[in-house]
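Asks: Residues per chain are reported as follows:
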Amino acid sequence: MDKRIQQAYEQRPKPWIFELSVALVVIALLVWSGTAVETAGTTQSGAKIAANILSGIFHPDTKLLFSLTKQGVLYLLLETICIAFLGTIVGAIISIPLAFISASNLTPKPVAFIGRIVIMAIRTVPAFVYGLMFIRVTGPGAFAGLLTMSLCSVGMVSKMYIEAIEDLDVRVLESLDAAGCTTWQKIRYGILPQLMPNFASTAIYRFDINLRDATVLGLVGAGGIGAPLIFAMNAYRWEEAGAILTGLIVLVLIVEWISTKIRVKLARG
Amino acid sequence: MSLYDRIFLPKTLTLPNGKQVKKPRSRAPLIAAIFLGMTAVSVEVTGFDMAVLVSRIKEFFVILGDMIPPRWDYMPQIWKPLFDTIKMSLLGSFIGSVLVVPFAMLASTNIIHSRIVVASMRLLLSIIRTLPTLVSALIATYIFGLGTLAGTTAIAVFTFAYIGKILYEEIETVDMGPFEAMEAMGATKARAFISAIVPQVLPSYLSNCLFCFEGNVRYASILGYVGAGGLGLILNEKIGWREYASVGMILLALFVTVFIIETISRAARKRLV
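Listed in order, the protein sequences are those of chains A and B.
Going left to right, the first sequence walks through residues 1 to 269 as this note's numbering numbers them.
Going left to right, the second sequence walks through residues 1 to 273 as this note's numbering numbers them.
Pulled out of the complex, with its shape left as it was, chain A reads as follows (with noise of 0.2 Å):
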């Protein structure tokens, strides 16, 4: 018995080349990458300046916070709200067309990996790029912000679209097709019911996720709660800049909570 234990032991297949390979391509790359660090930038005072922020992050800006105004932090989180709803809407708008080329069971193998390259292409431009090129039709403000969130969106959004649609179960498809349904009763009673949620889910998570960068958009004008965050952050104005981080996360807190509620929902049908 115990020799035979022995033995099985010994036949084990032994990994340890493949993991200690690896192990140390790992450890390379990390040693290669410590050398980006430089540290003489770090001042002396950098931690008093961190007490600095840390405190002026922890005593909010109130009057700010709690204005009514247009410059008051609750109109600009609206302004936000609004910014990243619509745009995910467009985004998602746009990439449903986009998904449904890129989709390798529904279009021949070159299209599809056409299709695939320009959502990668969409995905890798970051974002004030778009900001700034849009900046051009729309002139600065939360209309160039929306559209620069739509097409960030555009990359995600279809990536997943498509793994839903590639998902399809085509079974449903052929019975309906048995009982003598038309192109559009499949569609409707055949493709749409098993996309929607999935399609409703991927956009709500996109929403969270727009609503979390909308922060980005400031930097070239594009409206949002953005600019006036980094403009108090470069002015040194803590207080100020706590009262708007403290509503951005208060607001993102509570869109995480209710999205995922509806999405646990969808899931489970």
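FYI, nobody ran anything at the bench for these hints, they're computed from the structure.
Do not take every clue at face value.
[Unchecked claim] Cut-off 30 Å, straight-line C-alpha distance, at most; resulting in silico cross-link-like pairs (BS3-like, lysine-lysine):
{"hint": "1", "chain 1": "A", "residue 1": "186", "chain 2": "B", "residue 2": "22"}
{"hint": "2", "chain 1": "B", "residue 1": "165", "chain 2": "A", "residue 2": "159"}
{"hint": "3", "chain 1": "A", "residue 1": "159", "chain 2": "A", "residue 2": "265"}
{"hint": "4", "chain 1": "B", "residue 1": "165", "chain 2": "A", "residue 2": "265"}
{"hint": "5", "chain 1": "B", "residue 1": "23", "chain 2": "A", "residue 2": "265"}
[To be verified] Across the chosen pairs, the derived CB separations fall in these ranges:
{"hint": "6", "chain 1": "B", "residue 1": "272", "chain 2": "A", "residue 2": "14", "range": "16 to 24 Å"}
{"hint": "7", "chain 1": "B", "residue 1": "33", "chain 2": "A", "residue 2": "54", "range": "41 to 49 Å"}
{"hint": "8", "chain 1": "B", "residue 1": "54", "chain 2": "A", "residue 2": "120", "range": "23 to 31 Å"}
{"hint": "9", "chain 1": "B", "residue 1": "33", "chain 2": "A", "residue 2": "52", "range": "43 to 51 Å"}
{"hint": "10", "chain 1": "B", "residue 1": "259", "chain 2": "A", "residue 2": "193", "range": "32 to 40 Å"}
{"hint": "11", "chain 1": "B", "residue 1": "7", "chain 2": "A", "residue 2": "66", "range": "28 to 36 Å"}
{"hint": "12", "chain 1": "B", "residue 1": "237", "chain 2": "A", "residue 2": "193", "range": "50 to 58 Å"}
[Stated by the list, open to error] Derived contacts from chain A toward chain B, CB cut-off under 8 Å, selection only:
{"hint": "13", "residue": "78"}
{"hint": "14", "residue": "120"}
{"hint": "15", "residue": "136"}
{"hint": "16", "residue": "143"}
{"hint": "17", "residue": "184"}
{"hint": "18", "residue": "249"}
Yeah, the Cβ is synthetic: ideal placement off N, Cα and C, and Gly gets one too.
Starting from the known structure of chain A, fit chain B onto it as the hints suggest.
Replies: Below, chain B without anything else, positioned relative to chain A:
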């Protein structure tokens, strides 16, 4: 019976055998109303205007047209910031994903039974997660000075929060049998965690880390905008000078890099899970 059903009474149907069943009214009108209302408010606030969009959309392609063809001879100056970006995201992802392990352990209900600890850990993770990366990068530049260290820190913070949430959800779904058996034999919590839980969550943890790294490479290019090193720095500069052909070259380099990294990491993730 929910409020909605009390206002819109369910439809009563009589079955052939005389039995009466109630069919609740569809929620679709309510959802559609909320959706349309939100859309209307958003259109009002953001000033969305289809006419402007249609008539001026060609302006969008002006800059895009300037980027093509990209300036190939600018490539030699791109290498260093490009590698800086990769290094920043690699190191940042590594630091963040390693640091978060104990925190994720403390945030899992099946390992820590104290509700206060779990709730406070989760709150901490969600607050860090909602902190915009741009803000953490900006704060890091004030502390560490302009440069890649600030970017690395910002990426580490983001990875910390992102991996943390996925990891504690992962830990909560593992089979607790081995863990309980080890604890019953007198192993400490940390020891039992390493031997019983780690092997179960390791593949998906590594896979998520790789996925996060992929995203970070793309994200790191924005950080340069606030002075946190990498590609964003020269990108910002070239945009400022309106040298769009160079911008096009930078974006092309970034695209190829992201493509290569994604291909490698997807292959690695397929092996893992």
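Asks: Confirm or reject each hint.
Replies: Outcome of the hint check:
1. Using a Cα cut-off of 30 Å, the hinted pair residue 186 of chain A and residue 22 of chain B holds, with the two alpha carbons roughly 29 Å apart.
2. The hinted pair formed by residue 165 of chain B and residue 159 of chain A meets the criterion: a straight-line CA distance of about 22 Å does not exceed 30 Å.
3. Restraint check: the Cα-Cα separation between residue 159 of chain A and residue 265 of chain A comes to about 22 Å, which is no more than 30 Å; the hinted pair holds.
4. For the hint linking residue 165 of chain B to residue 265 of chain A, the alpha-carbon distance of about 20 Å falls within 30 Å, and the restraint holds.
5. At most 30 Å may separate the alpha-carbon atoms for a hinted pair to count; residue 23 of chain B and residue 265 of chain A meet this at roughly 19 Å.
6. For residue 272 of chain B and residue 14 of chain A, the hinted distance range of 16 to 24 Å is satisfied, since their beta carbons lie about 19 Å from each other.
7. Take residue 33 of chain B and residue 54 of chain A: their Cβ atoms lie about 44 Å apart, and the range 41 to 49 Å holds.
8. The beta-carbon spacing between residue 54 of chain B and residue 120 of chain A, approximately 27 Å, falls within the hinted interval of 23 to 31 Å.
9. Range check, residue 33 of chain B to residue 52 of chain A: about 48 Å between beta-carbon atoms, so the 43 to 51 Å window is met.
10. Taken as a hint, the range 32 to 40 Å holds for the pair residue 259 of chain B and residue 193 of chain A, whose Cβ atoms sit roughly 35 Å apart.
11. At about 34 Å, the beta-carbon gap between residue 7 of chain B and residue 66 of chain A stays in the expected band of 28 to 36 Å.
12. Our hint of 50 to 58 Å for residue 237 of chain B and residue 193 of chain A holds, since their Cβ atoms are close to 51 Å apart.
13. A hinted interface residue such as residue 78 of chain A counts as satisfied when its beta carbon comes closer than 8 Å to some beta carbon of chain B; here the least separation is about 6 Å, so the hint holds.
14. Here the hint on residue 120 of chain A is kept, as its CB sits about 7 Å from the closest CB of chain B, short of 8 Å.
15. Annotation: interface hint on residue 136 of chain A holds; nearest CB of chain B at approximately 4 Å, less than 8 Å.
16. Residue-level restraint check for residue 143 of chain A holds (minimum Cβ-Cβ distance to chain B is 5 Å; threshold 8 Å).
17. Below 8 Å, beta-carbon pairs count as interface contacts, and residue 184 of chain A has none with chain B, the closest being about 19 Å; its hint is therefore violated.
18. Interface restraint check: residue 249 of chain A against chain B, minimum CB-CB distance 5 Å, threshold 8 Å, status holds.
Taken one by one, the earlier hints fail for this structure only at number 17.
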